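Trainee: The primary structure of each chain is shown beneath.
Number of protein chains: 2
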Amino acid sequence: MKTIIIGAVAAGAKAAMKLKRLLPESEITIYTQDTHVSYSSCGLPYFIKGDFDDFNYLLVKSPEEFEKDGIKVFLKHRVDKIQPQYNKVLVSDLDGKTSFLDTYDNLIIATGARPYIPHIANMNLKNVFVLRRIEDGINVKDAVKRSKRAVIIGSGYIGMELLEAIASNDVHVDIIEKMPNIMPNMDEDVSNLIKEELESIAQGRFEFHTGENVIEFRGDCDSVKQVVTENGKIIDTDMIVIAAGVVPNVEIAKDAGIKIGVTGAIQVDKFMRTNIKNIYACGDCAEKTMMITETPVYIPLGSYASKEGRCAAINASGQVDGFYGILGSTVTRCFDLTISMTGLTTKKALEIGKNPVSTVITKSDRVGYMPEVDNITLKLIADKSSGQLLGAQAVGSKYADKKINSLTSALTAKMTVSEFLNNDNTYSPPYSTTVDLLYNAALKLKDQIE
Amino acid sequence: MKTIIIGAVAAGAKAAMKLKRLLPESEITIYTQDTHVSYSSCGLPYFIKGDFDDFNYLLVKSPEEFEKDGIKVFLKHRVDKIQPQYNKVLVSDLDGKTSFLDTYDNLIIATGARPYIPHIANMNLKNVFVLRRIEDGINVKDAVKRSKRAVIIGSGYIGMELLEAIASNDVHVDIIEKMPNIMPNMDEDVSNLIKEELESIAQGRFEFHTGENVIEFRGDCDSVKQVVTENGKIIDTDMIVIAAGVVPNVEIAKDAGIKIGVTGAIQVDKFMRTNIKNIYACGDCAEKTMMITETPVYIPLGSYASKEGRCAAINASGQVDGFYGILGSTVTRCFDLTISMTGLTTKKALEIGKNPVSTVITKSDRVGYMPEVDNITLKLIADKSSGQLLGAQAVGSKYADKKINSLTSALTAKMTVSEFLNNDNTYSPPYSTTVDLLYNAALKLKDQIE
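Residue numbers (my numbering), protein chains in the order written: chain S, -19 to 430; chain V, -19 to 430.
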């Protein structure tokens, strides 16, 4: 049996390793356009910041190690076409400029996603970057060393992590967000709180520009020097990182007749199967299911990629394993602020026709008399009619994500607010308050349930 | 309507405040033998350590504040007898040495617990302490300042917190545990790991003596100077703290015909009602229900006391609220080591006839390339036949309790290991590993389920 895997960052790499363990005798070939495999792109902001300076720390497993395990790896090889009727793929060697056909029994598509690039004039100027691959990280880190001012376009979690990374290197950062609020995936009240908290520690090191749409870059000797927004704002800069979200790489799948879901990513079932037999998709190119609503969503995260790659491999091997969906649980650090969420926001819940009620509570993260005590603000959301917990957002101390991770299994179990009130979290003064913030929030929310 | 509340540390104080909010016109009287009300005894180790030096930080609400809210507080008043047939209590004024009767419509027993004192010769020597009330904390803190060597009897979580508190003041600590393992509520493998970890940082500052039963104190000019164990071990010391667990204060309840449960604490239903109408019990004097097994247990913790006090007040007021039980979730800090658990240990699961399987995994608490990365060891336990999660123990970095608190709602929801594998925890490099320790453990445990 031969399996071809397209892409090898998180999902593809995991699929290859798992499949080799399950079927040691089977043939596995990886094709990737990238020059690296199996790396942690989530670590790039910390590499840029200078938490470590050797990018090799980001590499989980080298092509040589894959080869040693009996997995063939073709770097800088692009799959141009999938021919499901012949079980073949057409591959281009990007260096040699040659093409060839290869045959599979199982095909695992793990083509990932690419940065979304908005329409901006003079995009080809120097010192304009995206952040996705190892090379991007090296280039941005290098540019930071040469720069006094940087612009980040987009204030999602990568934008916010880059803000910390770049501003910590004494480079002034202007962060530009098209939407009226930073971190637009979060609810406006939480987003406003994040902005206030960060502005209170900015001390001139960075500035947010919300509701600003970048339409033009202006340069000087080929290098970018200014950013111009639709409202006529002109911001001077030495470098730009575009962090405006990602687009799933689905083109070759679509051309081959593989069904694309409503979110624009490849539609898969819980066994990571596409609509075509023996073709699986996993990772950032694949659609996910939001567990709370059982509806398709596109939230591409490294932790999902790894689990989906594992699941695709098990099913491709002939065994059965299911990946039942996600909650969109995330955590982001921006300086000393932890920003974490899970499940639906109020905004999202309204969009899909739920009747959300919510409560927002701020409380100390530990008992007030303990040293270095800090605050956490929690927004807890439930459905007014059923009482089912829908989601939560937390902002504050480095323990803020603990509150969110206490809620994830409650959301997975589709608990109501009343059921969650029975939850027994740990307590002692260095770790939490006697009455937990989660309990306070659930108690307050319960009063709003019908 | 008049409610008498006996005791006012956590449960009693909470019950009084909640009841006053629900029924502002009702009469509420608190009787307590203590000289303080509404305080955080959990904070005493940190007061002794010197994290703060004013014991007033431990006082949540003063008797004067209660009085201002219309709640009568009688300090140093002991309830000697409950007369359910007359709805009366017999009260002694400990200062005035007088007694009187008072009448109630509702009685809330929140008499708490007292330290368990083992049979040891010469217990009356000076510088022998327990740790329960504010005065105890003041006395121990004072003795630490005068001492070079201290002995702690008992290595439960208070013993371990005292170890950090006292040793951090440059006082050598010998900690003596009767059982073969420290923290005997935990499984032996986890307990051994804790001992190893702590011994590796001891540097002569403290020493564990397990399997040693103290039978005698020896003194010099009335002051304790030596501890003698059954095995003949003699340990020099300037002070002793007995932290050998607690005993619920149930005597007056028992005398009044209130039913005592199998655990020795007052039996209550989920509305905190005793077997006698209009008499409620809550906090450390009351039995709890282990949610996983629906069986009675005696695990007295401040966080339960507060919830139970609230529940007793709501039901006493005529409204309805249930407290459905506990998981025994705890967290303890000993120096830089976090020790946390929830649910059943393997030992406990075997005792009650379950068929437990478990897995122990050690993993870094964050991605390996992040600064100050540390380890967490997790033991995850499930029932072999049903696959139901039974409990977990975690030891390691300051984020170890995050893993336990991710499991608590899974245990509350009676999730199986397979169901828990769908859980979606947050990930980014400063907070966790791409594949979460919980997921690794659940995956490994799943293979052992029938």
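Please keep in mind that the hints were generated in silico from the structure rather than gathered at the bench.
Misleading hints may appear alongside valid ones.
Note that identical chains are pooled: a pair holds if it fits in a single copy or bridges any two copies.
Said to hold, decoys possible - As a list, the in silico DSS-like pairs of lysine-lysine whose alpha-carbon atoms are at most 30 Å apart:
| # | residue 1 | residue 2 |
| --- | --- | --- |
| 1 | Lys378 | Lys29 |
| 2 | Lys364 | Lys327 |
| 3 | Lys364 | Lys0 |
| 4 | Lys424 | Lys0 |
| 5 | Lys424 | Lys128 |
| 6 | Lys424 | Lys394 |
| 7 | Lys121 | Lys364 |
| 8 | Lys121 | Lys426 |
Predicted, not measured: the structure shown is a model, and the values here were computed from it.
Trainee: For every hint, state whether the structure bears it out.
Mentor: Now for the hints, and whether the structure bears them out:
Within a single copy, Lys378 and Lys29 get their C-alpha atoms as close as 18 Å, and across copies as close as 24 Å, so both meet the 30 Å cut-off. In the homo-oligomer, the alpha carbons of Lys364 and Lys327 lie at most 30 Å apart inside one protomer (14 Å), although the nearest pairing across protomers, at 42 Å, exceeds that limit. For the homomeric pair Lys364 and Lys0, the shortest alpha-carbon distance between copies (29 Å) is at most 30 Å, but the shortest distance inside one copy (48 Å) is not. When the C-alpha separation of Lys424 and Lys0 is checked against a cutoff of 30 Å, the pair qualifies only between copies, where the shortest distance is 18 Å, while the shortest distance within a copy is 51 Å.
For a Cα distance limit of 30 Å, the shortest separation of Lys424 from Lys128 qualifies neither inside one copy, at 48 Å, nor across copies, at 50 Å. With identical chains, the CA atoms of Lys424 and Lys394 are at most 30 Å apart both within one copy (19 Å) and between copies (25 Å). For the identical chains of this complex, Lys121 and Lys364 are neighbours neither inside a copy (48 Å) nor across copies (51 Å), given an alpha-carbon limit of 30 Å. Taking CA atoms no more than 30 Å apart as the test, Lys121 paired with Lys426 passes in neither setting, with 48 Å inside one copy and 43 Å between copies.
Hints 5, 7, 8, counting from the list given before, are not met by this structure.
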